[in-house]
Structures are given as structure tokens and as C-alpha cells.
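Asker: Sequence:
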Amino acid sequence: MKKTYIAIALLLGVFVAPVALAGPAADAAVALAAADSKASLGAICNAAYKAVLAEPEQAAEIYEAILAQRTTWTAGQCAAIFRSILMARPDLGGNLSSYVRTYKGGKNAKDAPSAPEGMHPELYDMLNVLYQASLEDGVPEETVNEIMITYGSTIAHEPGIPVELIVTPADTSPSR
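Residue numbers for the sequence shown follow the numbering used here, so the first one is 1 and each next one is one higher.
Please keep in mind that the hints were generated in silico from the structure rather than gathered at the bench.
Just so it is clear, the structure is predicted and the values come from calculations on it, not from any experiment.
Be a bit skeptical, because a hint or two may be false.
As the list claims (entries may be wrong) - Cβ pair distances, simulated, as ranges:
#1 G94 - E141: 14 to 24 Å
#2 A35 - G94: 17 to 27 Å
#3 S40 - P90: 23 to 33 Å
#4 S134 - S40: 21 to 31 Å
#5 K38 - E117: 36 to 46 Å
#6 A39 - M148: 21 to 31 Å
#7 D36 - E117: 38 to 48 Å
#8 P24 - D125: 14 to 24 Å
Beta carbons: idealized from backbone N, C-alpha and C, even for Gly.
Could you build all of it, start to finish, from the sequences and the hints given here?
Answerer: Next comes the structure, spelled out in C-alpha cells:
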């Protein structure tokens, strides 16, 4: 009888443990990113930011869960969510320059077996998530290019100041 209780406890532990890793903020971000959600990109980015603030050590896992919700993400959308996570984890943003140097030096960091020296492992994991996501061809590379181009102006902010709205550019019309 005792063995039965132990077996049940172990089985429950196996099924409950993965759920315990995700908090309510991460669940909300993933729900907003769902393919059938009508949430705006700004709302998804804000939820991702809050989720990473709540669970900073889960940044790569949160990014992965959000990207897994759709296969139709564009490079701009992936970059906006990535930048939102970097805003919540400014310590990772400083390591992006290491990736940029590696990427431009012809030794693409995504092909490295482990994080290049000087690169935060969490940032490395986020980039791997991007390259391994089920996205259209070229989206990961375009996302990285967009992040590298816009890195300086979008990541710089004071840590600890909540971002309530992340502005994304609107479509421009020919009359403008």
C-alpha cells in the first residue's frame, strides 16, 4: 500500500512540476500570443515584459512559449517581443553586443555549441529559441538584423521603470 502512495506521489510530481515553472504573468503572455487571440502586438509585448519581470530567470522559456503560439510571426513582431524581454532584463542587453561581434565576425553564434565567451547564457538561449522556432524561412535572420539595427535606441531605459505601453510603428499611407 505504501508503494502505491509513493508511486502516485511521484507521478503527480512529474505532471505538476512543469506547470509550476510558469507563473500567472507568463500564462497571460502566452494566452495573448495565441493564434486566435485578438490582442495587439503592444499588449503581447507588455505581457512578455511583465512575465519576465515576474520570472527573470525564465526569459528564454517565456520567449519560446510565446513564439510557439504562432508560425506566422513576422521579423518585426519577433524583434518587438525580443526587445520587450530585453527591457525587463537589461543585464542581457549588454551581452547583445557580444553576439553582434560574433555574428559580424563570420562566426555565427547560432552555430556555436555553447554560448560564446562573454555572452550571457540566457541571451544565447533566447537566440537559439528564435532560430529553432517554427517560422517562415528568413524570419530569424531578419529578426536578428532588426534587433541589431534598433538595439541602441530601444533597449536604453532605466531598470525598474515599468513599461505600460510599447509603441509600435503604424502603417504609413502614401499620403503622408
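Asker: For every hint, state whether the structure bears it out.
Answerer: Here's how the hints hold up against the structure:
Between G94 and E141 the beta carbons are some 23 Å apart, a value that agrees with the proposed interval 14 to 24 Å. The beta-carbon spacing between A35 and G94, approximately 34 Å, falls outside the hinted interval of 17 to 27 Å. Separation of S40 from P90 is about 24 Å and conforms to the stated range, judged on CB atoms against 23 to 33 Å. In this structure the supplied range 21 to 31 Å holds for S134 paired with S40, their Cβ-Cβ distance being about 22 Å.
The hinted range of 36 to 46 Å is satisfied by K38 and E117, whose Cβ atoms lie roughly 44 Å apart. Between A39 and M148, the C-beta spacing of about 27 Å keeps the proposed range 21 to 31 Å intact. For D36 and E117, the Cβ-Cβ distance of about 43 Å falls inside the hinted range of 38 to 48 Å, so the restraint holds. For P24 and D125, the Cβ-Cβ distance of about 23 Å falls inside the hinted range of 14 to 24 Å, so the restraint holds.
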